[in-house]
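Undergrad: So you can see what is in the structure, the chains are spelled out below.
2 protein chains.
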Amino acid sequence: MNNKDGFNVTPWDVTGEVDYQKLIAKFGTQEITQNLLDQFKRITGEIHPLLNRKIFFSHRDLDLILNNYEKGQEFCLYTGRGPSGNTHIGHLLAWKFTQYLQEKFDVELYFQMTDDEKYLHIPNMTLKQTLGYTYENVLDIIAMGFDSKKTHIFSDIEYGKTMYSIAVKIAKHITFSTTKAVFGFKNSTNIGMVFFPALQAATCFLPSILKNKKIPCLIPAAIDQDPYWRGIARFVAPKINLPKPAQIHAKFLPGLGKGGKMSSSNPNTAVFTTDDVDVAEKKIKNSYTGGKDTIAEQKLLGGRPDICPIYDYYKFLFEYDDSKLKNIYQECKSGKLLCGDCKAHLGNKVKIFLKDHQRKREKAKNVVEKFMLRD
Amino acid sequence: MNNKDGFNVTPWDVTGEVDYQKLIAKFGTQEITQNLLDQFKRITGEIHPLLNRKIFFSHRDLDLILNNYEKGQEFCLYTGRGPSGNTHIGHLLAWKFTQYLQEKFDVELYFQMTDDEKYLHIPNMTLKQTLGYTYENVLDIIAMGFDSKKTHIFSDIEYGKTMYSIAVKIAKHITFSTTKAVFGFKNSTNIGMVFFPALQAATCFLPSILKNKKIPCLIPAAIDQDPYWRGIARFVAPKINLPKPAQIHAKFLPGLGKGGKMSSSNPNTAVFTTDDVDVAEKKIKNSYTGGKDTIAEQKLLGGRPDICPIYDYYKFLFEYDDSKLKNIYQECKSGKLLCGDCKAHLGNKVKIFLKDHQRKREKAKNVVEKFMLRD
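Top to bottom, those sequences are chains V and D. As numbered in numbering that gives the first Met the number 0, residues 0 to 374 make up the first sequence, in order. As numbered in numbering that gives the first Met the number 0, residues 0 to 374 make up the second sequence, in order.
Incorrect hints may appear among the rest.
With a straight-line cut-off of 27 angstroms between C-alpha atoms, the simulated DSSO-like cross-links for lysine-lysine are [stated by the list, open to error]:
#  : chain 1 : residue 1 : chain 2 : residue 2
1  : D       : K179      : V       : K243
2  : D       : K160      : V       : K127
3  : V       : K238      : D       : K160
4  : V       : K40       : V       : K238
5  : D       : K243      : V       : K149
6  : V       : K148      : D       : K160
7  : V       : K127      : D       : K362
8  : V       : K210      : D       : K185
9  : V       : K332      : V       : K291
10 : V       : K212      : D       : K179
11 : V       : K179      : D       : K243
12 : V       : K185      : D       : K179
Calculated from the structure, these hints are not laboratory results.
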């Protein structure tokens, strides 16, 4: 369903080659400027590679959050996960950055598992399956190293009493017409999905309601989720006299398929956190790359890191040392670094990461209840 | 919003002079036949006046419930209340009959307080107000004499976790189109109201889900609520492999205003359970009646009990002795019974009832938690 721009981004589908500059104009968000990066440096003493590399590239009211933070005003973080299957490495991007923000700003985090949405949206999925994925995904979230004292994970279903009572307050101000305009809902959309935007927006106000004072939240998430905040939460906030949520938007980590595609029908295009480490290494080894057709040609003309998912894996997650990343880029372009070696190097990094993650994930089973909000 | 029939019945509005025979045809329900009344007599040893007088006049699958009951199969009762204000005597009709059914059939009752619906539907109502009415209305319900061991009252908001988890299972099968067709929802309807039918239908399946076995429910309620069961619960039941709800439909107790109108802007057209007994007596005294313009004319030509709300109060609630009711009817028609005396007699009965109800209502405050389902 690409439009005239050649790409389409909705909370349920991302298709085509995304032009992030066009998306900023289309969604009406703000680019993260050098001023904002300088402000991060002033506050935290550094600029995280995900900011510096413009992987988190866009925002709404992030300036307001940082200005107020510098004046001593608190904020909280909110991010989420739709538990439609196992966690893959792409999901970790926003979580890793969120964990970083929590650590640097020492703030509370509310982590929403939208199991209702996934159950309602995916025709053949049972509620039991979705709740099973909620548990499995929560293990991955905990393994990221969030502070158990300041991190509150909840499932829309399991925390349904609290969430429903907030969601109705939002729903009262949102018409079906609005959801048509914001999400493209149709008359054939099921009424659970029609209502769901109220639940996703509810988390923006949950901290204020739980603590009985106005606490703005900052949402680190991929930019496809923006319509929930733009069209629902930010629209309703003044009507219920609570702060508008601020956002910081990430780009999408490409999959390992041709042209950076990640296909749910082809598990080889994504590395899952539960993959056997050797299977993961093999997926990397078999990935599409920006390499030339023959080794001879590549040695002569160089590779194309700008269209290479392997390079993106380094850039987004596995090489945060700028000089090393630059080295990979230049050696690829010059023809010195061949795809086989580059993939072997990344495969090794992914293996090391996965071993560690899986160990932490196993340990997470013992502390799930420390993190969960329950009614 | 009357249509060509001169009346309109929706779950939120009843306007015009309702033709109950036409309504049976329009809604596609079944009339309660003599056969069914005989079956009640066989089972319970009697026929309740509300059945005999055709105040409960229509049904869906009541025959199935009774046949299966005679074969030893259990069922449960489900009724509800939208807490939009104080309870008036008209609300007690279905509750009184439900209490009777519980006693005679010794069955569990699930009583839904749809505070979410009322909050979502009434523009200026706050959630706090609605929850306040939930509590006040629950006192009236308990005062009706339900068996605390077998009666489970819950608020959609307070029991939100359980209810939401069932409602999503229903919502997945209901499109916005369906709610347009069944309830006349429009693009301007708020998304909470669009979702709400899933919550109202959820109670039909709550007993089966709580007890983990298939338990059909019988719903005694005024006929305006039929669309929820016809269009949602009975439609979804086979899709989620649970029994369709059966229903038994009541007519509406008229208000005390002209032509049997009850107007929420004029509290004098309804007797509230919390009214001071003398105020209640005065409302009866000032009621519209089917009497003639002058005493002389009435003595000569007789009154019109068939269009008289005072007569309906006797018939629906305050005179269950058939011979005494017949007497009132005949003496009115003959001109012997004048409105003043008739209202004084009813006023006295209402006072006695209210004194007793208010005493029970006060005592109910101590046992609320015995009745409530909470997450």
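Undergrad: Compare the structure with each hint and give your call.
TA: Do the hints match the structure? See the list:
1. Between D:K179 and V:K243, the direct Cα distance comes to roughly 32 angstroms. Violation of the 27 angstroms bound is thereby established for this hinted pair.
2. At roughly 15 angstroms between alpha-carbon atoms, D:K160 and V:K127 fall within 27 angstroms of each other, so this suggested pair holds.
3. Proposed proximity of V:K238 and D:K160 is supported: the alpha carbons are some 26 angstroms apart, at most 27 angstroms.
4. Using a Cα cut-off of 27 angstroms, the hinted pair V:K40 and V:K238 is violated, with the two alpha carbons roughly 35 angstroms apart.
5. The straight-line distance between the Cα atoms of D:K243 and V:K149 is roughly 46 angstroms, outside the 27 angstroms bound, and the hint therefore fails.
6. For the hint pairing V:K148 with D:K160, the CA-to-CA distance comes to about 24 angstroms; that is within 27 angstroms, so the pair holds.
7. For the given pair, V:K127 sits about 43 angstroms from D:K362 by alpha-carbon distance, which is inconsistent with the 27 angstroms threshold.
8. Among the hinted pairs, V:K210 with D:K185 is inconsistent with the structure: their alpha-carbon atoms are about 36 angstroms apart, more than 27 angstroms.
9. Simply put, V:K332 and V:K291 have alpha-carbon atoms about 11 angstroms apart, close enough for the 27 angstroms limit, and the pair holds.
10. Between V:K212 and D:K179 the alpha-carbon distance is near 39 angstroms, which puts this suggested pair outside the 27 angstroms criterion.
11. Straight-line distance between C-alpha atoms of V:K179 and D:K243 comes to about 32 angstroms, which puts the hinted pair past the 27 angstroms bound.
12. Distance hint between V:K185 and D:K179 is fulfilled; the C-alpha atoms sit about 12 angstroms from each other, no more than 27 angstroms.
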